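The sequence shown begins at 9 in my numbering and counts up by one.
If you're looking for bench data, these hints aren't it; they were derived computationally from the structure.
Just so it is clear, the structure is predicted and the values come from calculations on it, not from any experiment.
All C-beta atoms, glycine included, are put in the ideal place defined by N, C-alpha and C.
Where hints are given, some of them may not hold.
[Stated by the list, open to error] Derived pair list, reagent style EDC-like, types lysine to aspartate or glutamate, alpha-carbon separation capped at 16 Å:
| no. | residue 1 | residue 2 |
| --- | --- | --- |
| 1 | 260 | 109 |
| 2 | 131 | 172 |
| 3 | 212 | 229 |
| 4 | 113 | 81 |
| 5 | 108 | 254 |
| 6 | 212 | 244 |
[Said to hold, decoys possible] Label pairs and their in silico Cβ distance ranges:
| no. | residue 1 | residue 2 | range |
| --- | --- | --- | --- |
| 7 | 85 | 154 | 36 to 42 Å |
| 8 | 224 | 157 | 40 to 46 Å |
| 9 | 136 | 82 | 15 to 21 Å |
| 10 | 265 | 154 | 37 to 43 Å |
| 11 | 157 | 97 | 31 to 37 Å |
| 12 | 231 | 158 | 32 to 38 Å |
| 13 | 154 | 109 | 36 to 42 Å |
| 14 | 221 | 84 | 26 to 32 Å |
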Amino acid sequence: MGRRGARGWHGRVFAAAVGVTALAAATSAWTAQAGSVGAQEPRAGVSHHASTHAVPRGSVAARVSVDIAHASDRGAHGVNITVDDGPDPTWTPQVLQVLKDNGVKATFCMVGTQAQAHPDLVKAVVAAGHRLCDHTVSHDTTMDTKSEAYQSQEILAADRMITEASGGVRPMYYRAPGGAFTPYSRNLAASHGMRPLGWNVDSKDFERPGTDAIVTTVRNEMSNGPTLLFHDAGGDRSQTVAALREILPWLKRQGRSFGFPVR
Numbered sequence: 009m010g011r012r013g014a015r016g017w018h019g020r021v022f023a024a025a026v027g028v029t030a031l032a033a034a035t036s037a038w039t040a041q042a043g044s045v046g047a048q049e050p051r052a053g054v055s056h057h058a059s060t061h062a063v064p065r066g067s068v069a070a071r072v073s074v075d076i077a078h079a080s081d082r083g084a085h086g087v088n089i090t091v092d093d094g095p096d097p098t099w100t101p102q103v104l105q106v107l108k109d110n111g112v113k114a115t116f117c118m119v120g121t122q123a124q125a126h127p128d129l130v131k132a133v134v135a136a137g138h139r140l141c142d143h144t145v146s147h148d149t150t151m152d153t154k155s156e157a158y159q160s161q162e163i164l165a166a167d168r169m170i171t172e173a174s175g176g177v178r179p180m181y182y183r184a185p186g187g188a189f190t191p192y193s194r195n196l197a198a199s200h201g202m203r204p205l206g207w208n209v210d211s212k213d214f215e216r217p218g219t220d221a222i223v224t225t226v227r228n229e230m231s232n233g234p235t236l237l238f239h240d241a242g243g244d245r246s247q248t249v250a251a252l253r254e255i256l257p258w259l260k261r262q263g264r265s266f267g268f269p270v271r
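Make the full structure from the sequences, and use the hints.
See the structure below:
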């Protein structure tokens, strides 16, 4: 999701994540695979310029590019729908239904604790042909100010939690909360087969500005690039569901084809 200040939902997710800190600590031994690198990375919303199947748990994930992905695997007229912060028992099924009604596949960037709490929804996302993305354990938007050991725990524990919830399908991407990537986190994710994933169009649906405002934002900003950011958790997402019902058919009328972010 876009960079935001502290919110009540984030606090609840962070509190839930405390319970998995001990589990995540074991991942710190993996950090050497990523290597140490220098200065901070620009935010994911700033544009930078594959396989079609998720990687089963237990497979050796091939390293992917460390560059933040924005492009679509459907080329110049492609568009990538990405959905953050879930899964949520109220809103994820509704988002899945709208996607199904329009014949659209999307990438779901899941918070580890949410995936652990709702494995049935993670499995439903996979069964419908959508892709998974690691959105960390606790959705800490200050990830880029924390130690490498902390970043490793957040990313790799979430990878494990999402994979277990899915029944063995691993995330194919890593999206830093609020775009708080670092060179270290990008290298770590890539070394575990997860392409860092940015966005070009922030629908601002998290702020609940109204369905019309969400639709207008997307229409006005489509020239920024193909990867669109929406949310299926973190509060009332009825406006998101309603906006997607308008946006997806509109994109089709514009001659857009729906794909996945490049790997």
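Here's how the hints hold up against the structure:
no., hint, verdict
1, 260 with 109, "holds (13 Å)"
2, 131 with 172, "holds (10 Å)"
3, 212 with 229, "holds (11 Å)"
4, 113 with 81, "holds (12 Å)"
5, 108 with 254, "holds (14 Å)"
6, 212 with 244, "holds (13 Å)"
7, 85 with 154: 36 to 42 Å, "holds (39 Å)"
8, 224 with 157: 40 to 46 Å, "holds (43 Å)"
9, 136 with 82: 15 to 21 Å, "holds (18 Å)"
10, 265 with 154: 37 to 43 Å, "holds (38 Å)"
11, 157 with 97: 31 to 37 Å, "holds (33 Å)"
12, 231 with 158: 32 to 38 Å, "holds (37 Å)"
13, 154 with 109: 36 to 42 Å, "holds (40 Å)"
14, 221 with 84: 26 to 32 Å, "holds (28 Å)"
Going down the numbered hints, you'll see the structure goes against none, and every one checks out.
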